[in-house]
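Chemist: First residue of the sequence shown: 1, per the numbering used here; consecutive thereafter.
Just so you know, the hints here were simulated from the structure itself, not pulled from any lab data.
There's no promise every hint is true.
What the hints assert, rightly or not - The calculated label-pair distances, taken between Cβ atoms and stated as ranges, are:
| no. | residue 1 | residue 2 | range |
| --- | --- | --- | --- |
| 1 | Gln-278 | Ser-61 | 29 to 37 Å |
| 2 | Trp-146 | Leu-174 | 25 to 33 Å |
| 3 | Gln-303 | Asp-396 | 54 to 62 Å |
All values reported here derive from a predicted model rather than from experimental measurement.
Even for Gly, the Cβ is constructed at its ideal location relative to N, Cα and C.
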Amino acid sequence: MAALSGITKLLFWNFLPNLVRYLLPYIHQVYPYVFGRPPPKQGTADFARHYRLTYLLVVVSYAVYTLYGAAVTVEPNYYQMLGIEPTADDNTLKAAFRQFARRYHPDRVGPDGEGLFIQVRDAYEALKSPVKRFAYDRFGPDALEWSQCSTLREYIRHGLLQATGFYILTVSLLILLSALGRPGPVAYWRYILLALVGVYEMLFILNPSPAPAATSSLSSALFADPTLGTQTSLFAVLWPHRVAYQHVRCLHSLFMTCSFALSNVVPVLFPSPTPEMQEHYIINEAKQILLQSNAISLEATTQVQTLLHAAHGTQGATFPFLGELPHDRAADDVVNALAAELENLLLETQMRADGGPLRSAVENAIERKMRERERERLGEKSWDRDRDRDRDRDRDRDRDRDRQAWPRGAFGGTPAAEVAWMQRHGIPVGVVNSGVDRFELGSGSGYASPGRRPAYVRGRSRSLG
Numbered sequence: 001m002a003a004l005s006g007i008t009k010l011l012f013w014n015f016l017p018n019l020v021r022y023l024l025p026y027i028h029q030v031y032p033y034v035f036g037r038p039p040p041k042q043g044t045a046d047f048a049r050h051y052r053l054t055y056l057l058v059v060v061s062y063a064v065y066t067l068y069g070a071a072v073t074v075e076p077n078y079y080q081m082l083g084i085e086p087t088a089d090d091n092t093l094k095a096a097f098r099q100f101a102r103r104y105h106p107d108r109v110g111p112d113g114e115g116l117f118i119q120v121r122d123a124y125e126a127l128k129s130p131v132k133r134f135a136y137d138r139f140g141p142d143a144l145e146w147s148q149c150s151t152l153r154e155y156i157r158h159g160l161l162q163a164t165g166f167y168i169l170t171v172s173l174l175i176l177l178s179a180l181g182r183p184g185p186v187a188y189w190r191y192i193l194l195a196l197v198g199v200y201e202m203l204f205i206l207n208p209s210p211a212p213a214a215t216s217s218l219s220s221a222l223f224a225d226p227t228l229g230t231q232t233s234l235f236a237v238l239w240p241h242r243v244a245y246q247h248v249r250c251l252h253s254l255f256m257t258c259s260f261a262l263s264n265v266v267p268v269l270f271p272s273p274t275p276e277m278q279e280h281y282i283i284n285e286a287k288q289i290l291l292q293s294n295a296i297s298l299e300a301t302t303q304v305q306t307l308l309h310a311a312h313g314t315q316g317a318t319f320p321f322l323g324e325l326p327h328d329r330a331a332d333d334v335v336n337a338l339a340a341e342l343e344n345l346l347l348e349t350q351m352r353a354d355g356g357p358l359r360s361a362v363e364n365a366i367e368r369k370m371r372e373r374e375r376e377r378l379g380e381k382s383w384d385r386d387r388d389r390d391r392d393r394d395r396d397r398d399r400d401r402d403r404q405a406w407p408r409g410a411f412g413g414t415p416a417a418e419v420a421w422m423q424r425h426g427i428p429v430g431v432v433n434s435g436v437d438r439f440e441l442g443s444g445s446g447y448a449s450p451g452r453r454p455a456y457v458r459g460r461s462r463s464l465g
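Turn these sequences into a full structure, and let the hints guide you.
Modeler: Here is the structure:
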């Protein structure tokens with residue numbers, strides 16, 4: 001019966017696309033009366049959107065109906081037959097069976113209730129054993145027929161082996177579907193759903209039995225300590241009177257329904273691109289790449305031509321220029337100015353390398369220029385004071401150089417020789433108001449006074465040639 005139900009569901013899932021095609025024209029007949037406008041024509045984007053929405057509505061409705069049927073049609077467990085909670089203790093279990101026997105004993109209800117009474121009696125005998133009760137809660141009524149199992153470990157091992165059959169069969173079917181059909185993103189999510197179902201089933205099997213103090217509330221399901229026996233789950237909140245094996249069967253039904261729903265919904269809501277769409281996409285991408293490469297090439301060409309124009313001259317002298325000139329003046333003026341600066345640099349370098357008076361003059365000029373810049377930065381008053389000090393220092397330096405250049409006795413060693421030399425060169429001797437200081441001839445030494453030298457003019461020195 002279960003196999004027939006599964007085949008029926010599979011056929012209906014395959015029939016859904018045709019059902020939507022038949023249903024959409026009827027929806028479009030009432031569309032103008034509801035929205036006040038004509039329905040979209042076939043082949044337009046609005047028509048495709050209406051088809052997807054209708055398909056989604058049909059698939060979701062059937063999925064909800066399937067899940068509801070799987071949740072409602074689950075056979076009742078022994079606790080529900082006895083009218084007690086799955087967390088009931090032995091005394092509560094015994095009292096519930098006595099009450100059931102008084103109500104449904106064959107002597108009271110007749111031969112029609114004999115089968116139910118025998119089933120509940122066997123269940124009561126099994127539930128009195130803690131080991132069999134544990135196995136029944138996890139693996140269902142089939143666990144009571146495992147005569148080869150006697151301990152808790154044996155029941156768990158045998159039950160896990162029985163549970164792996166569902167996953168082996170499901171994985172084989174998924175691999176077969178992936179091999180026969182076209183690969184897509186749905187296959188990946190099927191495996192993810194199967195892994196989640198397996199994890200939850202292991203939790204239901206290996207979890208400790210809930211204690212009588214367990215509460216069936218949403219907060220206890222979401223925030224309970226997993227190491228405590230009083231914890232509950234979301235399934236226990238939805239169906240508090242059910243046990244683990246019933247929740248596992250709901251998980252299996254949920255996996256099958258979600259797998260079929262994904263297989264039908266995803267290709268419609270997110271259709272894979274057709275060869276024509278892929279071709280248009282590739283062409284558009286190629287056009288974008290071509291435009292970007294042309295823009296990069298134009299920018300590079302403009303920069304290269306700018307550099308070449310700066311090196312070769314005006315615009316008409318070389319080749320057409322695509323960009324704006326970096327400067328209005330011609331490149332020849334720039335080259336001439338650069339050549340002049342290079343000549344000055346070479347001369348300055350050569351003068352510094354030669355040494356002697358030229359090097360001193362260059363260094364003094366550079367130092368003076370640096371001081372002038374510093375004065376401009378410090379202020380005008382400081383600049384005037386430094387200028388006077390530099391003038392005095394230059395005058396003292398010239399006086400010392402003249403004294404070294406004209407030692408005593410340079411004209412024969414006598415004052416008469418010096419006077420003769422001065423007269424021969426037209427230098428007046430002993431004149432006070434002629435612009436040349438008066439010489440005082442000493443009677444004892446025969447030399448002019450050390451502070452009075454011929455050819456000395458106040459403020460500067462002059463070659464006597």
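Chemist: Take the hints in turn and mark each one as holding or not.
Modeler: Hints versus structure:
{"no.": "1", "hint": "Gln-278 to Ser-61: 29 to 37 Å", "in the structure": "holds, 34 Å"}
{"no.": "2", "hint": "Trp-146 to Leu-174: 25 to 33 Å", "in the structure": "holds, 30 Å"}
{"no.": "3", "hint": "Gln-303 to Asp-396: 54 to 62 Å", "in the structure": "holds, 59 Å"}
Checked against the numbered hints above, the structure breaks none of them.
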